[in-house]
Structures are given as C-alpha cells and as structure tokens.
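S.K.: Construct all of the structure, not just a fragment, from the sequences and the given hints.
So the sequence lines, in the order shown, correspond to chains A, F and W. Note that the working numbering numbers the first sequence so that position 16 is 17, with each residue one more than the last. Note that the working numbering numbers the second sequence so that position 118 is 119, with each residue one more than the last. Note that the working numbering numbers the third sequence so that position 23 is 24, with each residue one more than the last.
Everything labelled a hint here was simulated from the structure, so no lab data went into it. One or more hints might be untrue.
Note that identical chains are pooled: a pair holds if it fits in a single copy or bridges any two copies.
Unchecked claim - Dumping the calculated SDA-like pairs for lysine to any residue here, alpha-carbon to alpha-carbon at most 25 Å:
| id | residue 1 | residue 2 |
| --- | --- | --- |
| 1 | K107 | Q88 |
| 2 | K25 | G138 |
| 3 | K195 | A78 |
| 4 | K25 | G52 |
| 5 | K195 | R87 |
| 6 | K107 | L6 |
| 7 | K107 | A183 |
| 8 | K25 | A70 |
| 9 | K107 | T66 |
| 10 | K195 | H61 |
| 11 | K107 | V49 |
| 12 | K195 | T83 |
| 13 | K107 | D7 |
Predicted, not measured: the structure shown is a model, and the values here were computed from it.
Residue-level listing of the chains:
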Amino acid sequence: MVHALDLLGTFAFALSGALLGVRKRMDVFGVVVLALAAGLGGGIVRDVLLGVTPPVAVAHWAYVTVAAAAGLCGFLAPAVVTRAQRQVLLADAAGLGLFAVAGAAKAHAHGAPALGATVIGTIAAVGGGVARDVLAGDSPQILHSEIYATPAALSAAIVAFGSRSPAVEIAAAVLATAIRLAAMQRGWSAPRAKPPLP
Amino acid sequence: MVHALDLLGTFAFALSGALLGVRKRMDVFGVVVLALAAGLGGGIVRDVLLGVTPPVAVAHWAYVTVAAAAGLCGFLAPAVVTRAQRQVLLADAAGLGLFAVAGAAKAHAHGAPALGATVIGTIAAVGGGVARDVLAGDSPQILHSEIYATPAALSAAIVAFGSRSPAVEIAAAVLATAIRLAAMQRGWSAPRAKPPLP
Amino acid sequence: MVHALDLLGTFAFALSGALLGVRKRMDVFGVVVLALAAGLGGGIVRDVLLGVTPPVAVAHWAYVTVAAAAGLCGFLAPAVVTRAQRQVLLADAAGLGLFAVAGAAKAHAHGAPALGATVIGTIAAVGGGVARDVLAGDSPQILHSEIYATPAALSAAIVAFGSRSPAVEIAAAVLATAIRLAAMQRGWSAPRAKPPLP
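M.R.: Below, the structure is given as structure tokens:
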C-alpha cells in the first residue's frame, strides 16, 4: 500500500519533469533524463544523506521503470498530460505529503534526531523538483513565491517530533497535501523580501 | 591498463571543462575548478551512490593531478587544444564508453541489481559533463539534442544485464564510443518534443 | 571554542545566502532555503564524501537553527545586514579559513590521503557558496575573477600535507582569511583566459 503510494508519487514527480522537458523542446532522451531526475532525485539524496547505498530508487527496478515510463508518457502524449493537468497537480501534492512523511520516518529509523529528520524529510519531498529545475536551467520553483517546501517541512516535523503512529503519519501526509492544494487553488503566497536600495 | 584508460578518460573530460571555462573567460582558478568538476564529477557521484567513501577520485592522487593538469593545459594553450579538437572529442567518446562500462561493473560488484547498475554506469559516464554545465550556468548538454547519454546507458546495460567477461566489457565500451562518434560525424539527433499549444 | 567558531562560520555563510535571496526578491521561505543551502551545503557534501551519515549539519540541531536564524535576519532586516556588510564579509572570510582547515583535518582523520584531504577541505569551504549560487540561478562566484577557492585550498593543503598540530591549524586558517581579506581590499584578481578566435 505504502509502496504503491510511493510509486504514484514518483510517477507524478517524474511527469512534472517530463512536461518541463517538453516545454523546453528537448529530445526524447532529455525528457526521460529530466523525468528520472524529478522522480528519483529526492529519494536518492535522502538515502545518500542517511548512508543507505545504493539508494532504494536505484536498487529497486520499479522506481526507475515508473519514472522512465512517466517520461515517455509526457514525451509521446504531452497534450493528454497537459489536459490532465489537474490530476497531475493532485498527484504531485499527494507525493509531496507522502515523501515528506516517509522521508522523516526513514530518517528517524536511521538515527537522525528530530530536527535532522525534518530536514531530510523536506529534502526528500522537494529534492526531485530542485534537481529538475537546476538541470533545466531554471532557478528552483521552491525558491519563488509558492507554498511548496513549507507544508512538506510541517508534515515532516509532525512525524519527526511527534509520535510515529500510522494515524499521525497519515494525518500529517494529508495535511501537507491539503495545504498545498489550498495554496494552489486560492493563490496563497508568502511575503516577498523588499531589497534595500543599493 | 584499465587504470591508464581511466585516467585518459578523466583527462579528456577535464579538458572539456577547461575549454568551456576558457570560452566563458574565467580566470585560471575557475578554469581548473571546472576541469576538476568535469573530470571527477561522474566518478565521485558513482562512488557516493555506492557508499565508497572517500570516492576513488578523491582518495587517489592521480585523478586530481590529471584533471588539474588538463585544466592548466586548457588555460595556457587553448588554441592548441582547440586545434586538437578532433582528438579531444575522440578521447571524450572513449571516456564515455569506458566510464559507463567500468561504472556498471563496479556497481554490480557492490551489490546493485542490473537496472540500478545501468543507471549508476550512465551517471558515471555523463555526471562530469552535467556538473561542468550546471556550474558554468548552462543547461546540461545531455538534455539537448545530442546522442550522448543513450550510448552510455546502452553499454552500461549490456554489462549490467549480460555476462561480465572482459570480452563483453571491451565490446560494450567500444560500441558506446562508436555510436557516439558516428552520431557526431553524421549529425544524428533524436526526435524533439512538440509542446502542445498553451 | 572550535564549535562556536564553526557556528559563526555557518551563520556568516547563511547570511550571504539570505542576502542573495533578498536581492532576488524571493519570499521568506526561499530566503531561508537559500540560507540553509549556503550555511550547510559545504559541510553536508564534506560529510557525504567521507561517509559520515547523517551529516553533522543535519544531525546536530544547532547548525540548522543557526542557518535558519541567519535566513530570518536577512529577510527581516536586510538594510541592517547590508549596513553591516563589512562585518559579514569579515565573518565570511573567517568561515572560509576555518571550514577549509577543519574540513581537511576531518578528512585526514577519516583516512583520506593528503591530496584528497586538500580537495575535501576546499569543498567544505566553498561548497555552500556554490550551492547558493546554483540554486539562485547564478554561475558560482568562485568560477569568476575572485580569489576565493585558492586561499581555502592553500590552507587545506598546509593542514593535509603538514603536521596537524593546533598551532599549524590556527596559522593556516588565519592565512586563508588574511589572503581573502587582502584580495577583497586590494581588488586582487587572477589572470583571465583569452579564448582563441573561433
């Protein structure tokens, strides 16, 4: 069950990479590479930080296969994927909450203290998107105006500092997903910095 | 012998970093840093993913020395290196096949399954070029229009899924190099994505 | 004492990230993320290369707290921080020498040979700045015209190749800081590459 959700999150993240590659008019290999980076990047960095080598995303065939399949879907049928944009964003938000909670729980299980597990859970949730944007030559989306890393950090903190019961974990994952969806729907944004005059 | 080929590949990759630094008018330190990133990046990421720490490229003096020497060559004699562009590209293609095959074999020896070993071999072959381009502020070359990551992935897969006899490994490395050279000479390119109208 | 210096360096590096985020008009979360990357990036990469997982910067609450606090300071009072620019640059130069020396000593203690310890110490000192610039979409400052990585490499080499007595370590850290400050004050710069005509 968790495994299936994990792969769904990987697929959604990978689709976001594939669509960015299509928008940038990359060839099929570039699109698949970007899908792999977006789908697997967060989990790989999480596992490297925890000393889990080779990382699960590399060691289990399902992750690479799912992410590459998402890349091919995005390349072959960008119009279909774009029309299903709402479903993709929903899956992306679900993946965000799931990866944050699962990452924090895994970090705790590997001996990271609570604040460290929060950081690692957040990195697991947003790392793929950062890899995607840096490779595509964009400044990462999470640095600009959208509420994305914050709900992930909140859910990771709930799991890392709270009790690790399944009920708390599910509630935390749902919370991050709900905040992310509400922020998208209502256009929430955080205050911007006002740079001083030079 | 393998060691000498490994260092030749490192030198060729590092030269590509140095030449990019020269084209971007960096100072001597920037050129050397870019040469080190291009020459050592792939091997370092491969070893980190496999839990080999410190990575061989850091632990053995020869790698740093060869990559830094390539950086200085590129800085001091860019015209000579540019005139030898064909030889540099030939060495780069040889390094591509060699790093892919050696990376996949090393990953297999460290317990990665076949698909994981393919991914790690590919990362070993293209990782330095990605590090070079991201540091220089370019979107990585492998994402755009050139057949580069694919022959590396093909050769890594042959070694990872096939038998690990020396004959197979040599043939796989030569195959990647030959495809890369043919793609350059004939201007092969993969189909581009057609983004849907917004 | 060393611990306090280490946290001071982290704070200074993180402030540089926060100020870049403010200049780029990021929201409060983007500014904090950039501060975390600049403050913690070098130490995290150092520890990953040495197989120290989870990295100290993640495993100890003080590092994340100090770096996030620097991010909030930069966001809330950019004018104050900008007026204190000289103190920030002084702390940054002190962090540079300290991280280079401490990184090289830690690498040696984990079995890296001298040249490898030099590379790892240099990465520890400049890695946060590279992460900061790449995330913000800039080409890393260390690649362009400023004497920054070189004094770090020099100090790391003194510790890695010389004796690891406290006196040598302190002298090496002070040397890197002094060269960095002198280079800033006098506008020293290294020779640029002259690209050959195409």
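S.K.: For each hint, tell me whether it holds in the structure or not.
M.R.: The hints, checked one at a time:
1. Within a single copy, K107 and Q88 get their C-alpha atoms no closer than 28 Å, and across copies no closer than 40 Å, so neither meets the 25 Å cut-off.
2. Taking the shortest Cα distances, K25 and G138 sit within 25 Å of each other both inside one copy (10 Å) and across copies (16 Å).
3. In this homomeric assembly, K195 and A78 come within 25 Å of each other (Cα to Cα) only across copies, at 10 Å, whereas the closest approach inside a single copy is 42 Å.
4. Proximity of K25 to G52 under the C-alpha cut-off of 25 Å is found in neither arrangement, the shortest distances being 35 Å within a copy and 34 Å between copies.
5. Taking identical chains as interchangeable, the C-alpha atoms of K195 and R87 lie at most 25 Å apart only when they sit on different chains, with a minimum of 21 Å there against 33 Å within one chain.
6. Taking the closest pair of Cα atoms, K107 and L6 come within 25 Å of each other only inside a single copy of the chain (16 Å); across copies the shortest separation is 32 Å, beyond that limit.
7. Taking the shortest Cα distances, K107 and A183 never come within 25 Å of each other, neither inside one copy (27 Å) nor across copies (46 Å).
8. Taking the shortest alpha-carbon separations for K25 and A70, only the intra-copy value of 19 Å comes in at or below 25 Å, while the best inter-copy value is 36 Å.
9. With identical chains, the CA atoms of K107 and T66 are at most 25 Å apart both within one copy (23 Å) and between copies (22 Å).
10. In this assembly of identical chains, K195 and H61 lie within 25 Å of each other by CA distance neither inside one copy nor across copies; the values are 46 Å within and 32 Å between.
11. When the C-alpha separation of K107 and V49 is checked against a cutoff of 25 Å, the pair qualifies both within a copy, at 12 Å, and between copies, at 18 Å.
12. Taking the shortest Cα distances, K195 and T83 sit within 25 Å of each other only across copies (13 Å), while inside one copy they are farther apart (35 Å).
13. In this homomeric assembly, K107 and D7 come within 25 Å of each other (Cα to Cα) only inside a single copy, at 13 Å, whereas the closest approach across copies is 28 Å.
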